[in-house]
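So that you can map any letter, position 459 of the sequence shown is 462 in this note's numbering, and since no number is skipped, the others follow by simple counting.
Treat the hints as calculated values from the structure; they're not laboratory data.
Computed from a predicted structure; not experimentally measured.
One or more of the hints may lead you astray.
[Unchecked claim] Below, in silico cross-link-like pairs of lysine-lysine (DSSO-like), each with a Cα-Cα straight-line distance of 27 Å or less:
| no. | residue 1 | residue 2 |
| --- | --- | --- |
| 1 | K99 | K28 |
| 2 | K670 | K690 |
| 3 | K744 | K561 |
| 4 | K561 | K436 |
| 5 | K420 | K433 |
| 6 | K208 | K191 |
| 7 | K544 | K436 |
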Amino acid sequence: MEKQKTLQQKQRQWRQNQRKHHLNKKLNNLPKFTPGQSYEIIFINYMTAFFVLLNLIKRARTTKYFTIDTETDDISGRPALIQLQLIHLENNNNFKEEEAIKSTIIIFEMCRLRSETFNIHPRAQELFDVIFHPSNIFLTWGNEDNEMLKFQNYEFVHSLPLTSLHIINVQGKFKNWYNSTYTHRPYKNPGDAWSLQMAISTIYKQFLDKSWTRSNWGQGLDIRLYLNLEFNAINYNVKSSLTDEEEQTRLKLVNYAIDDCLAVTKLAFQIGPYLPIKEINRCDDIFHEHDDDVDEDQDPYVAFDNFYQDFHTKADEDDELLQLLTAYDDKNTEEEQQQRQLSQRLSQLKTTTDEHIDTESTITIVPATTSKKRSSITPATSNYQMATKKTKTNDNETEYNDDDGDAELPRFLSRTKDIFQETMKPLLDKLSKPIDIEILRTMALYKFRIAVDDLNTFLWTAYLHSGQGKLQVSKQPTTTTTTRNISLWPSTVKELIKKTRYKSDDINVVNDNTFEDFVRAMLRDFAGHNRSRSNEIKIQKQILANSFTLEMEEAIDKFVEQHGTAFHRADTEEQIAIVEYEYEDRLIDFEFYDQTPYREQVVVFQNISERKYEKETAKMSVAILKQRLLYNHLPDSFETIHLPEPVSLETIQNNTMRQRLTEQYNKILQRTKADMFTMYIATEQAKADECVKEFDRDYAEMKETQSTGSPHKRLTPTMLQLLRKRVQNINKHLIHLFNLKTRFFDKAPTVKN
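Kindly produce the complete structure, drawing on both the sequences and the hints.
See below:
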């Protein structure tokens, strides 16, 4: 609580304010203050995006000098604002204006870190920790007492080493510099000090407005705090709830807040040699002790701000393929007619030749000398295979035994953590007669197994339809007239049938009927298991009689869905998507070979297809890693990362010191994980960049071939349409997988066990 001011203090404060008012009015005739360098303003409040914090953390790690100022709300008297300028230099060891590059100004709105419905992301703590590190240098104007101390009661600030900060009061150093540089000394009394406004007006002949010193700094300066969406029948508009006058006031307060930092920085550059700047020993940072950050500026840049950008854009090579098709069609009409005539003659020749082939022969040998003749390549000999990757699931959750009561419990039903009992306890406490929780746990296990086998039924039905040639695929217009259905048994079916029914020597006798019988048997097994489980659930309900309520069953169903089934649903949807993609891709393959292509055309077609798939898959990997970071759903391997903890840490008797060291250890561990994941993203990005270059190179070669290459190397318009169809299938498939992943990550905090 602020002490009540005496009448004398109030009078002195009034006179001081009057002097400031008259000085401000007097200097108002000067040109307005200009910082002399470009800058970017970023507000930190509950509206701040997660990746903005990540970007700022990266910037702060490479920044050594900060200009700091604070503001107190005039109405409530609460510390409200922390303004920080991150002074970015080409060389951190050379504090000169010519070394300065675009600055970042952060305005921490301390009264706006939380709202009724939103909270700032916890990663904000890392931003505070990185900035307010004892190794950094903070420039201020006046206030020898650390202004940050008045923010100690705020979240994210109370744990900072505020008393260890290296603070330089530019105000005092400016007086020394001025007295040494100029003969006239406006402030001869050692106790007199330069105001920031007077220093700017004297040195630069510019006006620094100080009329907004006492303002409502807690009201919120970020325009996003005042934006509302207004919907109508057609579209929506974003409108501010501020009046024109209020908006003008907001802008003036923002300018005041940033000008205070920029003015101090400008004067600090002016008096550079008079600042007691020296290298601080980063003894509190074990990484800097080993010079791990000396080449930090050379680290690969990861575009954290592009997390929401789709990894495949419409402005991609798809449109180029269409343009290439049109250009080729227009340019080579006459040549295409000649090609068709040649093809007809070759067909006639082939028909004539086939009449003399031995009827027992099943292979046509094409002489090497007939270079112009199209090779008899069939889809069966195509080496184009798209890699598919299954989602790894918990073995305990995917094993199926006839006796589920003896099966090992999945983690979310485990008695170790027993989140199931915690969930059911409020309902059990309402009962007059107790119920054995193990009966409910068994019921939940049966329900989970039923749900998983229902999902397996969907998946194996897709396997069956793929093998029978009954899968529904998208219809994309081409000039081909192929309407065939193909039989494609997924690799999962082939692997399982090989492991369970045939020895390696007998696998060659397997045919379509064998595959179909095997899949139908699996579907019957799923249905049979689920009938038995449903009967077991009925028996359990009869045992519990009236004690088991509808509310309890709904609670069990919801628990099983959130903590168990959701994981398997995401995996099943992904596997079905892969089956549908491979089926449609094989159809495109058959359509291509219906064109009886030359061997060189096959190479071009398959090569571009593979490069496209590799490129988009690599880009998707980067995007998924970024989404993992967005939803804080890191790979399981990161949960096992540990650093050796000091053996004697727990033996320290001083509780405060032990807690401080423990917190420091945890921060180092978290930073290690963050740095490792950043490296993961950078590695995947480098791989994606290489794939993009390889695709661009091969695509450029194909375009060159289409323009100047020989006819047997150029793809026909129909082949180009099929290539575009395959590219669209790849895009559709990978975007679908990406959406499945992100949807799963969005649900993961709810279902993760």
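Cross-check of the supplied hints:
1. K99 <-> K28: Given pair K99, K28 is violated - Cα atoms ~33 Å apart, limit 27 Å.
2. K670 <-> K690: Given pair K670, K690 is violated - Cα atoms ~30 Å apart, limit 27 Å.
3. K744 <-> K561: Holds: K744 and K561 sit about 22 Å apart, inside 27 Å.
4. K561 <-> K436: Holds, at roughly 24 Å.
5. K420 <-> K433: Holds - the C-alpha atoms of K433 and K420 are around 23 Å apart, at most 27 Å.
6. K208 <-> K191: Holds, because 21 Å separates the two Cα atoms, which is no more than 27 Å.
7. K544 <-> K436: holds, 15 Å
Checked against the numbered hints given earlier, this structure breaks hints 1 and 2; the rest are met.
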